[in-house]
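K.L.:
Protein chains in written order, with the working numbering: chain W, 1 to 274; chain H, 1 to 321.
Hints are computed from structural coordinates only; laboratory data are not their basis.
Here the structure is a predicted model, which means the values were calculated and not measured.
Built from N, CA and C at the ideal position, the CB exists for glycine as well.
Among the hints, erroneous ones may be present.
[What the hints assert, rightly or not] Subject to a maximum C-alpha distance of 25 Å in a straight line, what follows is the list of computed DSS-like cross-link-like pairs (lysine-lysine):
#1 Lys316(H) <-> Lys198(H)
#2 Lys198(H) <-> Lys132(W)
#3 Lys115(W) <-> Lys316(H)
#4 Lys156(W) <-> Lys316(H)
#5 Lys179(H) <-> Lys115(W)
#6 Lys154(W) <-> Lys179(H)
#7 Lys133(W) <-> Lys198(H)
#8 Lys156(W) <-> Lys115(W)
[To be verified] Just so you have them, the derived chain H footprint on chain W, three or more residues with Cβ under 8 Å:
#9 101-108
#10 121-130
#11 162-176
#12 218-229
Residues per chain, in single letters:
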Amino acid sequence: MLTKIEIQTPEKQTTASPNKMEIKNLSVFYGKFRAVTDINMNIQSTKITAIIGPSGCGKSTLLRSFNRMNDLTPSARVEGEILLDGKNINTTGVDVVDIRRRIGMVFQRPNPFPKSIYDNVAYGPRLYGVRKKSDLDEIVEKSIRQAALWEEVKDKLHQSGLSISGGQQQRLCIARALAVEPEVILMDEPASALDPISTLKIEELMQELKKEYTIVIVTHNMQQAARASDYTAMMMLSKEGERSGTVIEFDATNRIFTNPKDKRTEDYVTGRFG
Amino acid sequence: MTSTTITTSRFQQLIEKNQAVVSSRRKVTNLIMLSITGLMTILALVPLFWIVGYVIYKGGQYINLDFFIHTPRPLGMEGGGVLNAIEGTLIVAALAAVIAIPPAILAAFYAANNPNTPLGVVLRFSTDVLSGVPSIVMGLFVYAVVVKPMGHYSGFAGGVAMAILMLPTIIRTTEEMIKLVPHTLREASLGLGAPEWKTSLIVVLPAAMNGIITGFLLAIARAAGETAPLLFTALGNERYDLFQIVQSGIAQKQGLFLILQRIFDQPVDSLPLTLWKYAQQPYPERIQQSWAAALVLMLVILLINIFTRLWVENRKRRLQG
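The following block holds chain W by itself, in its conformation from the complex (with noise of 0.2 Å):
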C-alpha cells in the first residue's frame, strides 16, 4: 500500500512530465480584501490537475490569474509569480494577448457567440490574421473533431451555436478554445450546467485532450476530480473565520481521496465538512 502510493507522488512523476506551470506565492486581491492567499503548485504538463473546495474559497479567481482574466476587474491585482515554461507571465511587460492564446479558457455555462458555428470556432484564428478561407476551414474542422462534436455537427456549421444543446455547446466552446492552438486548457466548472450523458462526454473528451494539452479544471463534483484528474489542489479558506482561500493540501489525485495528509481534506472528500 504505501509503496504503490510512493510512486504516485508528485515529486516522483516530475521527472516523466516536466511543469507546464509553477504558481510561486500568489496571492489575489480586490481592492484591500485577500481573496487567494500564497498559493505554491506545479502544473504538469500533458496531466490535467484539478481544484476542489467549498464555494468561495477562491478556487475561480485563481484559475482566473492563470491566465491574466483578473486583469478585466478593475479592483484585482495579482501578486507572486505565475512561470509558464519558466517565463513568469505575471509581469507588467508580457503580452496579455500572446497568454491568453496559449492559455485557452473554458466556463462554466456554455458561452458560444450569436454566430454560426463555423464563425465561432473561427473566431480565434481570424483574431490572429488566419484569413484564407481553405486555412480556415482546416482549422474549422481539425478543432470540432478535436472536441468530438464534428459527427454531430458537420451538417450545419452554418446554423447559430445556439441552436445547438446545451452540451454540444460546451464541446462547441472547447473547439474554439482549441482552433487557436492553446498549451494549456482551464476550465472553470466546465460540466455544472450540463446533464449527466453530457458531463460524460466533456469528461471523456478530457481525457483525449490531455495526451496533447495540459489541462486544468474547477469543479466542485468530487467525483469528477477522482474520475479524470492526475492531481488535485484542496483548496479551503485559510483560518477559521477568515474569507481568504489557499490551497491546503496538493498532491496525486488518489492519494487526495484515498490518503490524505491534512485532516480537513480527508473531512471534505468524505462528506465530513461542515
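Chain H: place on chain W using the hints.
P.N.:
What follows is chain H alone, placed relative to chain W:
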C-alpha cells in the same frame, strides 16, 4: 409539545369555521379587482384607438394618390399633395440618424464599460438632463448655433436639431442593451486574446444589435413626429423637390457632395410642420389636407416600425437558429 398541537388544532378549527365565508369573500374581491383593472385597461386604450380611428376617418376621406406624388398646389387648384413634406421628414430623420448614431453608440459603449468613472457618471447624468429639455429649446439652440451663422434656415439645421433630440434616447437604450449582453460572452472573446475594442465591435455590438435597432427606431419615430425643433431650423418649404434636385444634379454631373449640399442647404418641409401650418388656415381644403397629412405621418412612422420589426425578427431567427 402539547401547546403546539393545541395551537394547530385551534387554528384548524378556525379555518374550518371560516372557510365558507373566506372563500366566497375571496371570490367577490377577486371579481371586483379584475373588473376594475380590466375597465382601466380599456379606458387607457380608448384614447389610442380614438386618435388612430379619428385620424383614419378624417384623413382617409381626403387622401389620394396625388397626395403622395405632388407638391402643394395653390389654394383653389385641384389636387396637390405633401410630397415635399414626406421627403423632408425622411431626409431630416436620415440626416439626424447619421449625425447622432455613431457618437451615441461610442458614448454608450464608454458608459457601459466604465460606469463608475467620472466621465461615465457625468454622461449618464447629462443624458438624463438632455432628454428632459423641451424640444423647442433644442430648436432655439440650433437656431443660435447653426441657422444664424449660416444665415438661413436649412434641412441641415433641422437634422442637427433632431440629432440632439435623438442623442439621449439612443445613448441610454444602447447602453442598457450593451449591459444586457452576458458578461460571459465578453469573457469568452477576451479569453481568446481579443482586445477590448474588437470584443465590443465583433461580439458585443452584434449581440446587442436587436435592442439597439429598436432604440434607434423609437428615437427616429419620435424625432419624425416632432414639430417644435423644426420651426426655427428647417422652417418649411413648399417647393422642395428632392427628385428634381437629384435629377438635375446627375444631369449636370454634379458630384455626390454637391448634390448632398443642395439637398440639405435649403429649407425643407416636414409632415408635422405641414400639419401645423395647414390646421391654422381658415380654408376647409387646407384643414382637410391637414388631416390627411396627419394620416400620412402616422403611416410613415408605422412603416418605419414594421420594417424594423421585420428586420429584427429575421435577424433573431437567423442567430438563434
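K.L.:
Next, verify each hint and record whether it holds.
P.N.:
Taking the hints in turn, this is what the structure says about them:
1. Pair hint Lys316(H) plus Lys198(H) holds up; C-alpha atoms about 22 Å apart against a cutoff of 25 Å.
2. Taking the CA atoms of Lys198(H) and Lys132(W), the gap is about 20 Å. The hint holds against a cut of 25 Å.
3. For the suggested pair Lys115(W) and Lys316(H), the alpha carbons sit about 11 Å apart, so the restraint of at most 25 Å is met.
4. For the suggested pair Lys156(W) and Lys316(H), the alpha carbons sit about 18 Å apart, so the restraint of at most 25 Å is met.
5. Taken as a hint, the Lys179(H) and Lys115(W) pair is honoured in the structure, with Cα atoms around 19 Å apart against an allowance of 25 Å.
6. At most 25 Å may separate the alpha-carbon atoms for a hinted pair to count; Lys154(W) and Lys179(H) exceed this at roughly 34 Å.
7. Distance check on the hinted pair: Lys133(W) and Lys198(H) sit about 21 Å apart at the alpha-carbon level, within 25 Å; holds.
8. A threshold of 25 Å between alpha carbons decides the hint, and for Lys156(W) with Lys115(W) the separation of about 12 Å falls inside it, so the pair holds.
9. For a cut-off of 8 Å, the count of residues in the segment 101-108 of chain W with a CB near a CB of chain H stands at 5, and the three-residue condition holds.
10. Coverage of the segment 121-130 of chain W by chain H holds [criterion: at least 3 residues with CB-CB distance below 8 Å; count 4].
11. Here's how the segment 162-176 of chain W fares: 5 of its residues keep a CB closer than 8 Å to some CB of chain H, so the rule of at least three is met and the hint holds.
12. Counting residues of the segment 218-229 of chain W whose beta carbon lies closer than 8 Å to any beta carbon of chain H gives 0, which falls below the threshold of three, so the coverage claim is violated.
Figure legend: structure checked against the earlier numbered hints; hints not met, in rising order: 6, 12.
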